[in-house]
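Chemist: Please arrange chain B with the ligands on chain A, whose structure you already have, making use of the hints.
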Amino acid sequence: MTSQTDVRLDGAAELRTEREATPGSAGDRRERPEAGPEKVYDSYYGRPVLNEPTWQEHDIAGYLFLGGLAGASSTLAAVAELTGRPRLARVGRVAALCALGGSFYSLIHDLGRPERFINMLRVFKVTSPMSVGTWILTAYGPQAVCAGAADLSGRLPRLGRAATVGAGLAGPAVATYTAALICDTAVPAWHEGFREMPFLFAGSAAAAAGGLGMLAAPLSEAGPARRVAMLGAAVECVAATRMERRLGPLAEPLKRSRLLRAGEALSLAGALAGVTVGRRSRIAAVAAGAALLAGSACTRFGIFRAGMESANDPKYTVQWQRRRLS
Amino acid sequence: MGRVGFFTDTSICIGCKACEVACKEWNAVPEDGLAFTGMSYDNTVSLGADTWRHVAFVEQRRPLGHQEPGVGDMDFRWLMASDVCKHCTEAACLDVCPTGSLFRTEFGTVVVQQDVCNGCGYCVPACPFGVIGKRESSGVAAKCTMCYDRLGDGQEPACAKTCPTDSIQFGDLDELRERAERRLGQVREAGTASARLYGHDPGDGVGGMGAFFLLLDEPEVYGLPPGPVVTTRDLPSMWRHAGVAAFALLAGVTAMALPIWRRRG
Ligand code: SF4
Ligand code: SF4
Numbered sequence: 001m002t003s004q005t006d007v008r009l010d011g012a013a014e015l016r017t018e019r020e021a022t023p024g025s026a027g028d029r030r031e032r033p034e035a036g037p038e039k040v041y042d043s044y045y046g047r048p049v050l051n052e053p054t055w056q057e058h059d060i061a062g063y064l065f066l067g068g069l070a071g072a073s074s075t076l077a078a079v080a081e082l083t084g085r086p087r088l089a090r091v092g093r094v095a096a097l098c099a100l101g102g103s104f105y106s107l108i109h110d111l112g113r114p115e116r117f118i119n120m121l122r123v124f125k126v127t128s129p130m131s132v133g134t135w136i137l138t139a140y141g142p143q144a145v146c147a148g149a150a151d152l153s154g155r156l157p158r159l160g161r162a163a164t165v166g167a168g169l170a171g172p173a174v175a176t177y178t179a180a181l182i183c184d185t186a187v188p189a190w191h192e193g194f195r196e197m198p199f200l201f202a203g204s205a206a207a208a209a210g211g212l213g214m215l216a217a218p219l220s221e222a223g224p225a226r227r228v229a230m231l232g233a234a235v236e237c238v239a240a241t242r243m244e245r246r247l248g249p250l251a252e253p254l255k256r257s258r259l260l261r262a263g264e265a266l267s268l269a270g271a272l273a274g275v276t277v278g279r280r281s282r283i284a285a286v287a288a289g290a291a292l293l294a295g296s297a298c299t300r301f302g303i304f305r306a307g308m309e310s311a312n313d314p315k316y317t318v319q320w321q322r323r324r325l326s
Numbered sequence: 001m002g003r004v005g006f007f008t009d010t011s012i013c014i015g016c017k018a019c020e021v022a023c024k025e026w027n028a029v030p031e032d033g034l035a036f037t038g039m040s041y042d043n044t045v046s047l048g049a050d051t052w053r054h055v056a057f058v059e060q061r062r063p064l065g066h067q068e069p070g071v072g073d074m075d076f077r078w079l080m081a082s083d084v085c086k087h088c089t090e091a092a093c094l095d096v097c098p099t100g101s102l103f104r105t106e107f108g109t110v111v112v113q114q115d116v117c118n119g120c121g122y123c124v125p126a127c128p129f130g131v132i133g134k135r136e137s138s139g140v141a142a143k144c145t146m147c148y149d150r151l152g153d154g155q156e157p158a159c160a161k162t163c164p165t166d167s168i169q170f171g172d173l174d175e176l177r178e179r180a181e182r183r184l185g186q187v188r189e190a191g192t193a194s195a196r197l198y199g200h201d202p203g204d205g206v207g208g209m210g211a212f213f214l215l216l217d218e219p220e221v222y223g224l225p226p227g228p229v230v231t232t233r234d235l236p237s238m239w240r241h242a243g244v245a246a247f248a249l250l251a252g253v254t255a256m257a258l259p260i261w262r263r264r265g
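Taken in order, these protein sequences are the chains called A and B.
Just so we're aligned, residue 1 is where the first sequence starts under full-length UniProt numbering, counting upward by one.
Just so we're aligned, residue 1 is where the second sequence starts under full-length UniProt numbering, counting upward by one.
Only chain B is shown next, with the shape it has when bound in the complex:
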């Protein structure tokens, strides 16, 4: 099996949250609070241990492509986007996990083994996208598995299956990347010049994302980091600095006890 992924085309997302529901149902993800946030139609707020798909709602006073406002010049556009774990090529969560609980599957996805995780929480601040969290009820880390069980059975993930507009598309990653390029051309041609791809480039800071997006505005507008870099890219240098500091500490303490100080006490 080659590497699979998601291409989430936010230009056709209608904000129905069917993906959120399908994910919760299929994966038996616990409810995590029903609160009114005042953030447009978004009461889900963000990804975490108990939210594996999150639909963002952004209201902007600007036109979408050639669209006519209808009411004078009152421009308005909706940006809706279903966010998910990126299943990074260079996944920080997986790199830093000290138990080997997080692993790379035969589909190229990143999955937590619930029975190995000891709840150390290291993966949580390591993820540059704020995806993974520690579940209160079980004390272990949890995030999107890209429906590992369904993939093993030749089924597409629940969110992609349920998405009524095909905003979430599942498939072979290389094929999705080609399709996304074509789609970007199409959307731009149709008048939305602000369209761009996010996470499709294997040369980016996380080596390309297994789940990537077509966005209509800057990533940060949707709550995505504009230039994420896997934290372990700097780790060799971190180890070197820590090593030098350790030697300096050893040498420093030793030097402070040498007899040359004797006379002065």
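Next comes chain A alone, as it looks inside the complex:
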């Protein structure tokens, strides 16, 4: 079952078969330079080496944002519940419920065959962050729904409380596994950023959840939300800065990104306003919360676009690999 060309049936053993042909061996053997002053060919007609992710920006970048918001909101809700801040807890639970709904919509909408969503539950593969993520969502989703539904309906308070705590424990996994999801690809700016990306995502998720808490909960209960937002924004900015520094030339698409700059500015401004004027003024708290939410969304869309840009330019693939080889 190995290849053979059977068009020539002469079977003459002394004849060279086609596969033995040596192009370039004829000609007089005068010395010729292999390469003269030579144009450098470092890509094939400037075409990308990688195939562009088929993921739609509004679905997947949107999911990165909503998943983070849902996960961190659940954790904030659980902590608020346990420290006697019922109204902040309610905000967190309802936020998680809505963001989770949006997440599921985006994820299923992005599948080529949405009716086969269920096929993800055929297997558990730790080599596939999407598989692991599906199971994380399967553990988290029902608890978040239960917590939100119990709150909104006012029924089964004890079950609601247990679900709030359960969702709060699972929430951080929902918020951070997405970093492994996008980093576990060949997309240069995502893959190489895998050390900082989970912290960037955790920070961005905390900033968003804190922002929403500030926006919707009364001033007297929103203390943890303000501090969580501050901590989250700080972690997000430190992680982004470190990532850009470590990636060197690969960080170009990140550094160029106006969305990322806007995300940082909005997060930091919102967080600072939150812990200062946002403590006293309801209006300031709402504005700061909105800025934090917008900042987190900008960051996720910025990361998404920067990755796409790095996949579409062969230089990020080729030069990075060359550097590693040399």
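Read the hints as simulated data drawn from the structure, not as lab findings.
Keep in mind that this is a model prediction, so the values were computed, not measured.
Treat the hints with care, since some could be wrong.
In silico lysine to aspartate or glutamate, EDC-like type, Cα no more than 16 Å apart, as pairs [to be verified]:
#, chain 1, residue 1, chain 2, residue 2
1, B, 24, B, 50
2, B, 161, A, 18
3, B, 161, B, 25
4, A, 315, B, 218
5, B, 161, B, 149
Modeler: Chain B with the ligands alone, transformed into the frame defined by chain A:
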């Protein structure tokens, strides 16, 4: 059945695209646009859901071996190469597939099960070679199967069968690797010092490719990555970082609600 593969010897490729046609015909791969690209004789452009063999055409102003230009000193050489899925030993597409649709066959090849794939598209950016794609018409992933149906029937893949110069050689992978070493020696001896093998080494970033090549220039000239590494090689570290970040998030949020902050609001 042992592991089989392709050895594509680009030094004898004549750019006839018979492999592209044979592949399309045998596997009923849909047409994916007939456009003029201006990229030499290449209107196929790249591999994807609807292109499983792609012949690259590179025109270079430099001599091939001892060849005489004929017209003064105007050096010129053609580089033609038929690219295909590498059927990697460590295949990123297969690792990341969340449905188990991509699997390793009894021949050591990597195949998509069209009826299991849900079109999540994760395999597409995972492949370090830009091979696999999501087919518009069906919404599921598609790529070279190394003619899984033909292999099961004791036939060689359609592309290898049709290749008129035997540039595409199919067979037992170990045997092909030995043959490639011999062939490399032969081509170099004959004057083409720029010849090199690509993907034959089990110690490379993807554990060796099931489809490997003899190239006459750097891989990137043909649109191949010079040092591909399977993305899941870093996954254990990714999980560790994600785990630490998740705990940090839990601890951080908890800490921000502790009573020590009470006085300051
Ligand atoms: S070349 Fe790409 S599609 Fe083919 S087996 Fe390797 S990772 Fe998968
Ligand atoms: S698109 Fe299909 S084959 Fe590719 S990873 Fe998703 S389920 Fe697997």
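Chemist: Next step is simple, just say for each hint if it's right about the structure.
Modeler: Structure-based check of each hint:
A distance of roughly 8 Å separates the Cα atoms of residue 24 of chain B and residue 50 of chain B; the hinted pair therefore holds under the 16 Å criterion. Using a Cα cut-off of 16 Å, the hinted pair residue 161 of chain B and residue 18 of chain A holds, with the two alpha carbons roughly 14 Å apart. Straight-line distance between C-alpha atoms of residue 161 of chain B and residue 25 of chain B comes to about 13 Å, which keeps the hinted pair within the 16 Å bound. Between the alpha carbons of residue 315 of chain A and residue 218 of chain B the distance comes to roughly 14 Å, so the proposed pair stays at or under 16 Å and holds.
Distance restraint check for residue 161 of chain B and residue 149 of chain B: the Cα-Cα separation of roughly 14 Å lies within the 16 Å cut-off, and the hinted pair is therefore satisfied.
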